[in-house]
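Chains as they are written, first to last, in the working numbering: chain A, 1 to 311; chain B, 1 to 535.
In case anyone wonders, no lab produced these hints; they're calculated from the structure. In this text the structure is predicted, and so the values were computed from the model without any measurement. Do not take every clue at face value.
Simulated DEER-style distance windows between Cβ atoms [unchecked claim]:
(1) Ser147(A) / Met380(B): 51 to 57 Å
(2) Arg423(B) / Val96(A): 40 to 46 Å
(3) Arg67(A) / His20(B): 27 to 33 Å
(4) Ala93(A) / His20(B): 50 to 56 Å
(5) Phe68(A) / Ser83(B): 39 to 45 Å
(6) Gly182(A) / His20(B): 36 to 42 Å
(7) Arg67(A) / Asp248(B): 43 to 49 Å
(8) Gly448(B) / His161(A): 52 to 58 Å
(9) Lys281(A) / Met380(B): 47 to 53 Å
30 Å max Cα-Cα, derived DSS-like pairs, lysine-lysine [unchecked claim]:
(10) Lys170(A) / Lys214(B)
(11) Lys64(A) / Lys336(B)
(12) Lys80(B) / Lys281(A)
(13) Lys336(B) / Lys272(A)
(14) Lys38(B) / Lys16(B)
(15) Lys64(A) / Lys334(B)
(16) Lys52(B) / Lys41(B)
(17) Lys338(B) / Lys64(A)
(18) Lys295(A) / Lys38(B)
(19) Lys295(A) / Lys41(B)
(20) Lys295(A) / Lys272(A)
(21) Lys272(A) / Lys16(B)
(22) Lys64(A) / Lys148(B)
These stretches of chain A come out as covered by chain B in the derived footprint (C-beta under 8 Å, 3 or more residues) [as the list claims (entries may be wrong)]:
(23) 36-45
(24) 48-54
(25) 105-114
(26) 205-212
(27) 240-250
(28) 271-282
(29) 286-293
Just so you know, even glycine gets a beta-carbon here, dropped at the ideal spot from N, CA and C.
Now for the letters of each chain:
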Amino acid sequence: MTAIVYVVILGAALVFVIGSIARAIRYARHPIHLRWELYPVPHEEPHRVQHGGSYFEQVNWWTKPTRFNLFGEVRFMVPEMLLMKGLWEFNRAMWVRSFPFHFGLYLVIGTIGLLLVTALLDRVVPEMMVGTLGIGLHWLYTVTGFSGVILAICGAAALLHRRLTAEDLKTYTVPGDLFNLGWFILAFGCLLAGFILKGPDSPGTVTVVQAILTFDTGVRIPGLLALGLALAALLLAYIPFTHMSHFIGKFFTYHSVRWNDQPLRPGDRIEKRLAEYLTYKPTWAARHVGADGTKTWAEVVTTNPADRGKK
Amino acid sequence: MNEKLRPEDMSREEKKPLVHLDNEDLMPLPPPLDDPAKDHKWAPLSAQAREKFECLLDDTCAVNVPHPKTPEEEKELLRKFLSGLDKLFTRENNWTFLQPLVLTMEHCAKCQTCSTACHIYEASGGNELYRPTYRSEVMRRLYFKYVKHGGLLSAWQHGDIQLRWPLVARLIELSYRCNLCRRCAQTCPIGADNGLVAHELRKLFSQEMGIAPKELHDRGSMLQLEVGSSTGMNPMVVKDNVAFIDEDTTERTGIKVETPWDVEGADVLLIHNAGEIMAWPENPGAFALVLNAAGITWTLSSDLAAYDAINYGLWYDDAQFARVAIKHAEAARKLKVKKIVVGECGHAHKALAVIADRILTGDLNIPRESSMTLLRDIVMSGRLKLDPSRNDFPVTLHDPCNLVRLMGVVEPQREIVRKICPRFREMWPHGVDNYCCGGGSGFAIMSGNNFPDWRFHVSGRKKLQQILNAFSDCLGPETPKHVCAPCSNCKGQIRDMLAYYGMWEKHRILYGGLVELIVNAMEDVKPGYIQWEWH
Numbered sequence: 001m002t003a004i005v006y007v008v009i010l011g012a013a014l015v016f017v018i019g020s021i022a023r024a025i026r027y028a029r030h031p032i033h034l035r036w037e038l039y040p041v042p043h044e045e046p047h048r049v050q051h052g053g054s055y056f057e058q059v060n061w062w063t064k065p066t067r068f069n070l071f072g073e074v075r076f077m078v079p080e081m082l083l084m085k086g087l088w089e090f091n092r093a094m095w096v097r098s099f100p101f102h103f104g105l106y107l108v109i110g111t112i113g114l115l116l117v118t119a120l121l122d123r124v125v126p127e128m129m130v131g132t133l134g135i136g137l138h139w140l141y142t143v144t145g146f147s148g149v150i151l152a153i154c155g156a157a158a159l160l161h162r163r164l165t166a167e168d169l170k171t172y173t174v175p176g177d178l179f180n181l182g183w184f185i186l187a188f189g190c191l192l193a194g195f196i197l198k199g200p201d202s203p204g205t206v207t208v209v210q211a212i213l214t215f216d217t218g219v220r221i222p223g224l225l226a227l228g229l230a231l232a233a234l235l236l237a238y239i240p241f242t243h244m245s246h247f248i249g250k251f252f253t254y255h256s257v258r259w260n261d262q263p264l265r266p267g268d269r270i271e272k273r274l275a276e277y278l279t280y281k282p283t284w285a286a287r288h289v290g291a292d293g294t295k296t297w298a299e300v301v302t303t304n305p306a307d308r309g310k311k
Numbered sequence: 001m002n003e004k005l006r007p008e009d010m011s012r013e014e015k016k017p018l019v020h021l022d023n024e025d026l027m028p029l030p031p032p033l034d035d036p037a038k039d040h041k042w043a044p045l046s047a048q049a050r051e052k053f054e055c056l057l058d059d060t061c062a063v064n065v066p067h068p069k070t071p072e073e074e075k076e077l078l079r080k081f082l083s084g085l086d087k088l089f090t091r092e093n094n095w096t097f098l099q100p101l102v103l104t105m106e107h108c109a110k111c112q113t114c115s116t117a118c119h120i121y122e123a124s125g126g127n128e129l130y131r132p133t134y135r136s137e138v139m140r141r142l143y144f145k146y147v148k149h150g151g152l153l154s155a156w157q158h159g160d161i162q163l164r165w166p167l168v169a170r171l172i173e174l175s176y177r178c179n180l181c182r183r184c185a186q187t188c189p190i191g192a193d194n195g196l197v198a199h200e201l202r203k204l205f206s207q208e209m210g211i212a213p214k215e216l217h218d219r220g221s222m223l224q225l226e227v228g229s230s231t232g233m234n235p236m237v238v239k240d241n242v243a244f245i246d247e248d249t250t251e252r253t254g255i256k257v258e259t260p261w262d263v264e265g266a267d268v269l270l271i272h273n274a275g276e277i278m279a280w281p282e283n284p285g286a287f288a289l290v291l292n293a294a295g296i297t298w299t300l301s302s303d304l305a306a307y308d309a310i311n312y313g314l315w316y317d318d319a320q321f322a323r324v325a326i327k328h329a330e331a332a333r334k335l336k337v338k339k340i341v342v343g344e345c346g347h348a349h350k351a352l353a354v355i356a357d358r359i360l361t362g363d364l365n366i367p368r369e370s371s372m373t374l375l376r377d378i379v380m381s382g383r384l385k386l387d388p389s390r391n392d393f394p395v396t397l398h399d400p401c402n403l404v405r406l407m408g409v410v411e412p413q414r415e416i417v418r419k420i421c422p423r424f425r426e427m428w429p430h431g432v433d434n435y436c437c438g439g440g441s442g443f444a445i446m447s448g449n450n451f452p453d454w455r456f457h458v459s460g461r462k463k464l465q466q467i468l469n470a471f472s473d474c475l476g477p478e479t480p481k482h483v484c485a486p487c488s489n490c491k492g493q494i495r496d497m498l499a500y501y502g503m504w505e506k507h508r509i510l511y512g513g514l515v516e517l518i519v520n521a522m523e524d525v526k527p528g529y530i531q532w533e534w535h
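Put together the whole structure using the sequences plus the hints.
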């Protein structure tokens, strides 16, 4: 039984990583699209970011030096990622539910990181873990773990309630949405209950982590906790195949679309890629397009459909 | 009151519209238009239109798709729709927008944050049909079912939808109930883009099924590619008209104005929206006067399509879009100008400067810039003697979406207005958070059936509210007021809407472009370039 739980956990982690990378690669391999940016673009010059301006506000902008304002992007991204600033600004009713859920997940992710570090240190330099460091880490992951799981459960329950009761959400809610939130509540609920209810003889958290990493089936994980771990692991594996993988999508929607204001420079990488796309042979069927599958994009767009009738 | 709509209702077989709007349902307007009972009654859609066309969506009909005559024809239309849907998601056919489209399809969390940002949804009184995600949700379900070939599990995860001809007919219309202003996308926490969905649907209908509003296609991009301009002006006619404008401007200003044509090696190739030449000749006249006074070497081009900056393909068809953009660049290359400057036309700005940037490669990559920045530099440089007291009337500034949110040209026009209009006041919100005029994405030129009623009552309502609020302290007819709209399409929509609500007759609210305000303030010019009369 323990071995099955380990397989599920390790397998799910692998599926999550592979699934997420595959999704990211799929998006990254899409062709460079036509520009479709939305202002404000935070990597613009600071004085322009304030009002949402672009380099187009300068006469002869192409002769001016371009500076990438990394600080501007970071200043936008950190509150957006950590605090969901956009949602706070535009949809407060959703933020009060979504923020605890997401922040809870961040804390859970942080807890996993802390546990891995602790488990590693405990094996490599056990003498260091006896003192303040060990106690400090123990308290830290305990606090982040419990608060993260509780926040995530509360947030998921609040989101589920809103999905079921708010008219504007109900219309668009499908069984999958309810299932997803329900799964979070169930998995994290089992984890929480499993930790709270585990007996005094149960293995410690770090021991469990070490056992999973070393596939030590001699460690007896309490049933409820094992169930919670397995459910959470399966949820993790499921995420890359759903819209919940928006942590991947968001990277592209912001960096490749909303903020992609890079102008075309003669001979640059974009121009080379565009040259390839112009050799594609579209098959759009409308007569005015004139794409019969043999003409390239370049040929199609340099043909004037109004000339056809004249010949 | 309409029953609660669901995405699957788009497939309903009944040959009747899904929703009906009454004035009482709409977002309230401020005084003096605060009584819905006194608002104009909507012109009903004619029985003839309903008989001939698929008008199954709401109270109007924008595209006029004929009813399929036989079941075979209906089947063929469905086949084409599916084939077009599939092509939207292939790199060979849609490299131009594949990535943002797929991201939008796969990551919407249906949180409805975008809804409150949409002026159409808000103005409709929150009608479900106009919610930005309504259209997208239908498209998303089609994507997972027919493009990704999802089965039962996918339907459970993403929702199901039945593909029937009424759904396609309604979707054609629904793709023309969005101004493509992308205010919704700006607020999306994930970066999904409902405006893009409407754009891509329009492309599918045009590029695969040959369906588009005649104002955009037959009388728009096709006419431009055939005779040179969607106004129907050929090079000879446009030159005649501009010569007349020169004479008129000379007479009105007391300064000799001459527009140069086809000057090789000029610094600037100026491209106007040719609608200005026809409807607002004071705008190209003012441009000529200002550029001459500033000592700029400039020219217009009489090449096919190069004297009309419009590019309607931007709204519905990538091939038509690219063709026109290339014509513009070819004219500039032929004249060996240093740069192209786009006149007061928002969508032409975005089309040529931003979107076409990844089409105009090699020697077609001629620098392109906004007339806003050029005018700002002229005004701020002191090359013109300006007397702001000549513009001593309340002025508010409309931000064309294509110029601000979609291109980031926000401050130049403001710097000018702040300098020359002492009684300037902002609309709220403004800049990149602005609201569309309601005429965006082609609506301003679409006037078939009773479509104007819809765009005045619904899509333009938020802008009207903003204008009335901006002038709330001086609404009386004793104070002439000016809405500065540096975009031809926006100007057309604002003109039509102000006229519809009698805002000039009753409240002396006029509208116009930016460059006219500059000329009106020029000391060397005879006073009164802006004529306080309705036009």
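Hint by hint, here is what the structure shows:
| no. | hint | verdict |
| --- | --- | --- |
| 1 | Ser147(A) / Met380(B): 51 to 57 Å | holds, 55 Å |
| 2 | Arg423(B) / Val96(A): 40 to 46 Å | holds, 42 Å |
| 3 | Arg67(A) / His20(B): 27 to 33 Å | violated, 54 Å |
| 4 | Ala93(A) / His20(B): 50 to 56 Å | violated, 29 Å |
| 5 | Phe68(A) / Ser83(B): 39 to 45 Å | holds, 42 Å |
| 6 | Gly182(A) / His20(B): 36 to 42 Å | holds, 38 Å |
| 7 | Arg67(A) / Asp248(B): 43 to 49 Å | holds, 46 Å |
| 8 | Gly448(B) / His161(A): 52 to 58 Å | violated, 46 Å |
| 9 | Lys281(A) / Met380(B): 47 to 53 Å | holds, 50 Å |
| 10 | Lys170(A) / Lys214(B) | violated, 38 Å |
| 11 | Lys64(A) / Lys336(B) | holds, 21 Å |
| 12 | Lys80(B) / Lys281(A) | holds, 19 Å |
| 13 | Lys336(B) / Lys272(A) | holds, 24 Å |
| 14 | Lys38(B) / Lys16(B) | holds, 28 Å |
| 15 | Lys64(A) / Lys334(B) | holds, 25 Å |
| 16 | Lys52(B) / Lys41(B) | holds, 24 Å |
| 17 | Lys338(B) / Lys64(A) | holds, 15 Å |
| 18 | Lys295(A) / Lys38(B) | violated, 57 Å |
| 19 | Lys295(A) / Lys41(B) | violated, 51 Å |
| 20 | Lys295(A) / Lys272(A) | holds, 20 Å |
| 21 | Lys272(A) / Lys16(B) | violated, 51 Å |
| 22 | Lys64(A) / Lys148(B) | violated, 45 Å |
| 23 | 36-45 | holds (count 7) |
| 24 | 48-54 | holds (count 5) |
| 25 | 105-114 | violated (count 0) |
| 26 | 205-212 | violated (count 0) |
| 27 | 240-250 | holds (count 6) |
| 28 | 271-282 | holds (count 8) |
| 29 | 286-293 | holds (count 6) |
Violated hints, listed in ascending order, are 3, 4, 8, 10, 18, 19, 21, 22, 25 and 26; each of the other numbered hints is respected by the structure.
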